[in-house]
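Q: From first to last, the protein sequence lines stand for chains A and B. Position one of the first sequence corresponds to residue 1 (my numbering), numbered consecutively onward. Position one of the second sequence corresponds to residue 434 (my numbering), numbered consecutively onward.
One or more hints might be untrue.
Listed below are the simulated SDA-like cross-link pairs for lysine to any residue, each with C-alpha atoms no more than 25 Å apart in a straight line [what the hints assert, rightly or not]: (1) K343(A) with D161(A); (2) K343(A) with A748(B); (3) K776(B) with A750(B); (4) K291(A) with T587(B); (5) K724(B) with P88(A); (6) K291(A) with G811(B); (7) K634(B) with I658(B); (8) K343(A) with P72(A); (9) K201(A) with G213(A); (10) K201(A) with P88(A); (11) K291(A) with I658(B); (12) K343(A) with Q690(B); (13) K724(B) with P674(B); (14) K201(A) with T158(A); (15) K291(A) with G378(A); (16) K291(A) with Q747(B); (17) K724(B) with F150(A); (18) K343(A) with D385(A); (19) K776(B) with A286(A); (20) K291(A) with G749(B); (21) K724(B) with D155(A); (22) K201(A) with M376(A); (23) K201(A) with G240(A); (24) K291(A) with K201(A); (25) K724(B) with T591(B); (26) K291(A) with T591(B); (27) K343(A) with V720(B); (28) K343(A) with G213(A); (29) K776(B) with G240(A); (30) K291(A) with K634(B); (31) K291(A) with P674(B); (32) K724(B) with K201(A); (33) K724(B) with A317(A); (34) K724(B) with S224(A); (35) K724(B) with A164(A).
I should point out that these hints are in silico values taken from the structure, not numbers from a laboratory. Keep in mind the model is a prediction, meaning the values are calculated, not measured.
There are 2 protein chains.
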Amino acid sequence: MARFVSLEPIDVRFPTSRHLDGSDAMNPEPDYSAAYIVVSTDADDGLEGHGFTFTTGRGNDVQTVATAALAPWLLGRDVDDVLDNLGPFGRELTHDPQLRWLGPEKGVVHMACGALINALWDLRAKRAGLPLWQLLSRLSPEEIVELVDFTYLTDALTRDDALALLRNAGRTRAEREQVLVETGYPAYTTTPGWLGYDDAKLARLSREAVADGFDLIKLKVGASIDDDLRRMAVAREAVGPGIRVAIDANQRWEVDQATAWVSRLSEYDPYWIEEPTSPDDILGHAVIRAKVTPVRVATGEHAHNRVMFKQFLQAGAIDIVQLDASRVAGVNENIAILLLAAKFGVPVCPHAGGVGLCEVVRHLAMFDFVAVSASMTGRYIEYVDHLHEHFLDPAVVTGGRYVAPSMPGASTEMLAASIRDHRYPDGPVWSEG
Amino acid sequence: MARFVSLEPIDVRFPTSRHLDGSDAMNPEPDYSAAYIVVSTDADDGLEGHGFTFTTGRGNDVQTVATAALAPWLLGRDVDDVLDNLGPFGRELTHDPQLRWLGPEKGVVHMACGALINALWDLRAKRAGLPLWQLLSRLSPEEIVELVDFTYLTDALTRDDALALLRNAGRTRAEREQVLVETGYPAYTTTPGWLGYDDAKLARLSREAVADGFDLIKLKVGASIDDDLRRMAVAREAVGPGIRVAIDANQRWEVDQATAWVSRLSEYDPYWIEEPTSPDDILGHAVIRAKVTPVRVATGEHAHNRVMFKQFLQAGAIDIVQLDASRVAGVNENIAILLLAAKFGVPVCPHAGGVGLCEVVRHLAMFDFVAVSASMTGRYIEYVDHLHEHFLDPAVVTGGRYVAPSMPGASTEMLAASIRDHRYPDGPVWSEG
């Protein structure tokens with residue numbers, strides 16, 4: 001019988017602030033970082049589980065310590081028993097009454113649970129010899145609902161609701177798996193639109209995005225209305241009327257301010273407004289949505305758990321669900337969020353970028369297509385052209401579409417050399433930088 | 434010029450699980466703990482600022498690390514400049530774009546900000562020679578609003594709204610300060626009602642509470658409806674019809690379950706139902722409140738920031754605001770919450786118990802009475818008879834009322850011997866326990 005023998009935490013940071021890649025109205029100088037863990041067993045296969053929480057620099061040490069603090073829940077336990085029961089294992093973490101006090105189900109401790117749960121899914125998928133999306137897509141509806149914590153959801157989504165959704169999609173899973181492998185999944189790109197880029201670079205990158213096959217690009221907004229009007233004009237001019245241009249305010253506005261600002265930008269036909277205000281403000285998003293329609297309202301990368309997504313959907317506050325790989329309690333809670341979105345008929349367009357987020361969220365969107373929503377309509381996975389070279393199984397986008405990954409695992413594994421070079425503060429990028 | 438020279442973090446834990454004090458439906462075996470800090474300066478006065486986050490055991494190490502991680506924001510800075518500008522200083526912490534990613538404004542990092550901000554208020558009050566409540570009550574309306582972060586609040590509360598409220602209460606502050614000093618502030622007691630206590634102990638402690646002058650007691654519920662019906666009958670029989678009996682489910686229920694459970698207990702006339710479901714579920718609380726009226730709905734000890742309180746009030750979801758001393762970003766954010774509650778005309782009944790919470794929140798409730806809501810009607814501060822002996826300026830309740838503290842500071846300071854004995858894991862209570 002194999003047991004878990006180690007959980008190694010590593011503080012990995014990339015000095016992205018040196019070039020203003022990733023700059024937005026709320027995050028002017030991020031150093032994209034990962035509170036990274038490697039889970040090992042004493043099995044003969046030598047396989048490891050890799051997982052991480054994405055952060056933007058300062059505090060990555062705290063996040064790493066929090067993830068390491070989960071080791072007592074794992075070490076010494078039977079590998080098969082844990083991996084075959086990731087639903088109950090996840091609930092052991094998120095329902096621990098003492099740890100729970102530090103959230104509950106939010107912030108550093110909840111993200112730490114997500115990193116560990118994702119690392120275990122990576123290991124399970126490697127052992128199964130399947131990419132995560134395919135492993136998940138081939139579970140039975142009963143196995144899938146066992147992964148979901150329905151606590152606080154039953155006024156919107158019951159276990160029976162979820163089973164009915166999954167069974168309905170289940171009849172045609174095989175054909176959609178084939179479609180995915182053959183044609184991939186739509187992507188949109190944020191690469192042209194960072195606030196730190198000048199107009200010429202914005203125009204050039206916007207045109208290149210269209211030439212590369214993207215039909216949706218995204219611009220960061222929210223620092224200055226005059227700049228935003230000018231930049232939106234530049235982007236619209238560059239891509240023409242047939243391409244969707246989404247805008248992202250990264251939480252910079254008050255509710256009334258969001259409404260006024262989006263109204264002024266509406267002459268350039270924004271496809272969605274993302275994070276117009278506090279990610280906690282469900283009622284505020286509902287007010288904004290009512291006032292800016294037909295511009296869609298999107299949020300979710302900072303929505304901290306399934307209870308928040310439930311309410312955004314119940315309140316009719318959003319048109320687009322932007323789940324994040326490492327903000328909530330990992331794959332398990334993201335399955336709950338996919339099911340909620342499907343129940344309410346709202347498309348999921350995962351947040352990505354950062355470090356490794358493109359790599360991980362493609363599995364969730366593809367699982368959604370095959371087994372949950374059964375649709376790609378109005379759905380995109382975010383794509384940002386940063387830091388993929390550090391991953392063993394990097395995201396590949398061609399012709400504006402994500403290629404379905406085929407390597408076993410959850411694509412969470414960073415290259416050993418990248419980890420070594422970017423370890424904070426002692427890796428050469430930092431100690432010699 | 435004096436500067437801040439150290440921020441000492443200490444992991445302090447009390448083995449309360451050994452006697453089931455503090456047991457409830459969600460927290461069966463808590464070890465009440467404090468992620469504690471001592472802030473020192475090189476001033477001649479030798480005064481220190483003490484602050485902490487309350488936790489229930491596991492994870493207190495993570496919380497302590499997170500608080501220590503704030504040291505770079507403080508060390509080396511001018512003491513007068515920081516203490517005279519605690520509003521801007523607090524916003525430096527909570528708006529740091531990199532740290533903010535780890536919440537935003539929630540969980541471990543936000544609570545760490547609260548501990549540091551409270552420690553600085555403790556130091557400022559000691560230097561002023563006043564108890565915190567009196568220091569705050571004597572600030573001008575303009576000085577008070579400068580402490581508040583109005584970000585994400587302006588659709589419900591503007592700076593001008595807050596100024597108007599404070600100026601209105603300001604005219605009669607002096608007489609209310611006198612009333613407080615002479616008669617204290619109403620308390621309610623949770624001491625009789627822990628789930629781990631048997632019926633005889635519940636009855637005896639309930640009768641003692643009434644004899645001690647309390648007119649509101651609180652019972653933990655939510656683990657078993659049959660037990661709750663029996664215990665509620667025991668308590669009601671013990672105290673008679675004229676005493677208020679509140680109930681507290683500690684987040685154990687689904688929305689529909691809460692409604693059904695409270696309806697069954699309503700024959701015993703519960704005064705409020707506290708934490709019926711997830712502390713994130715604003716819409717759920719609104720549904721429950723509509724269905725269980727006239728039983729009041731109360732929550733707040735786990736509401737993670739002012740944006741959540743704003744929405745609970747906007748949605749008409751709660752009758753009682755239960756702010757917590759160390760869940761949000763300290764005194765500053767609690768002032769925002771007091772102003773929101775006053776704007777909506779909803780009474781604040783602070784959460785207390787734990788470690789040191791009674792000591793700290795009395796300052797907030799008393800400031801509310803003197804300078805904000807100007808009322809004690811329907812207002813109580815929770816009182817639990819645990820662990821006060823470890824504090825330099827312990828809460829004193831006589832005749833069912835909190836005595837107004839007179840010692841300079843925020844009452845956050847624990848006795849040196851208590852810290853030494855309960856330091857985890859090397860203090861004698863743990864190493865020899």
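Q: With reference to the structure, classify each hint as holding or not holding.
A: Results for each hint:
About 8 Å separates the Cα atoms of K343(A) and D161(A), which keeps this hinted pair within 25 Å; it holds. Simply put, K343(A) and A748(B) have alpha-carbon atoms about 24 Å apart, close enough for the 25 Å limit, and the pair holds. For a cut-off of 25 Å, the pair hint linking K776(B) to A750(B) stands: about 15 Å separates their Cα positions. As the CA atoms of K291(A) and T587(B) are separated by approximately 17 Å, the hinted pair is consistent with the 25 Å bound.
As the CA atoms of K724(B) and P88(A) are separated by approximately 33 Å, the hinted pair breaks the 25 Å bound. Restraint check for K291(A) and G811(B): not satisfied, since their Cα atoms lie roughly 38 Å apart, outside the 25 Å limit. At most 25 Å may separate the alpha-carbon atoms for a hinted pair to count; K634(B) and I658(B) meet this at roughly 19 Å. For the given pair, K343(A) sits about 37 Å from P72(A) by alpha-carbon distance, which is inconsistent with the 25 Å threshold.
For the proposed pair K201(A) and G213(A), the alpha carbon gap of about 18 Å is at most 25 Å, so the pair holds. Taken as a hint, the K201(A) and P88(A) pair is broken in the structure, with Cα atoms around 49 Å apart against an allowance of 25 Å. Between the alpha carbons of K291(A) and I658(B) the distance comes to roughly 45 Å, so the proposed pair goes past 25 Å and is violated. Of the supplied pair hints, the one linking K343(A) and Q690(B) holds, its CA atoms being roughly 21 Å apart against a limit of 25 Å.
At roughly 23 Å between alpha-carbon atoms, K724(B) and P674(B) fall within 25 Å of each other, so this suggested pair holds. Between the alpha carbons of K201(A) and T158(A) the distance comes to roughly 49 Å, so the proposed pair goes past 25 Å and is violated. Restraint check for K291(A) and G378(A): the C-alpha separation of about 21 Å stays at or below 25 Å, so the hint holds. A C-alpha spacing of about 18 Å is found between K291(A) and Q747(B), which places the hinted pair at or below 25 Å, so the restraint holds.
Note on K724(B) and F150(A): the hinted pairing holds, with a Cα-Cα distance of about 22 Å set against a maximum of 25 Å. Proximity of K343(A) to D385(A) is assessed by CA-CA distance (about 32 Å); at most 25 Å being required, the pair is judged violated. With a C-alpha separation of about 22 Å, the suggested pairing of K776(B) with A286(A) holds against the 25 Å cut-off. At most 25 Å may separate the alpha-carbon atoms for a hinted pair to count; K291(A) and G749(B) meet this at roughly 22 Å.
Our distance criterion of 25 Å between C-alpha atoms is met by K724(B) and D155(A), whose separation comes to about 14 Å. Proposed proximity of K201(A) and M376(A) is contradicted: the alpha carbons are some 31 Å apart, above 25 Å. Distance hint between K201(A) and G240(A) is fulfilled; the C-alpha atoms sit about 17 Å from each other, no more than 25 Å. With a CA separation close to 32 Å, the supplied pair K291(A) and K201(A) exceeds the 25 Å bound.
In summary, the hint linking K724(B) to T591(B) is not supported, as the alpha carbons are separated by about 32 Å, beyond the 25 Å threshold. With a C-alpha separation of about 21 Å, the suggested pair K291(A) and T591(B) falls inside the 25 Å cut-off, and the hint holds. Distance check on the hinted pair: K343(A) and V720(B) sit about 20 Å apart at the alpha-carbon level, within 25 Å; holds. Between K343(A) and G213(A) the alpha-carbon distance is near 31 Å, which puts this suggested pair outside the 25 Å criterion.
For the hint linking K776(B) to G240(A), the alpha-carbon distance of about 48 Å lies beyond 25 Å, and the restraint is violated. With a C-alpha separation of about 57 Å, the suggested pair K291(A) and K634(B) falls outside the 25 Å cut-off, and the hint is violated. Of the supplied pair hints, the one linking K291(A) and P674(B) is violated, its CA atoms being roughly 50 Å apart against a limit of 25 Å. Simply put, K724(B) and K201(A) have alpha-carbon atoms about 57 Å apart, too far for the 25 Å limit, and the pair is violated.
Taking the CA atoms of K724(B) and A317(A), the gap is about 24 Å. The hint holds against a cut of 25 Å. The suggested pairing of K724(B) with S224(A) is violated, with an alpha-carbon distance near 46 Å, which exceeds 25 Å. Between the alpha carbons of K724(B) and A164(A) the distance comes to roughly 29 Å, so the proposed pair goes past 25 Å and is violated.
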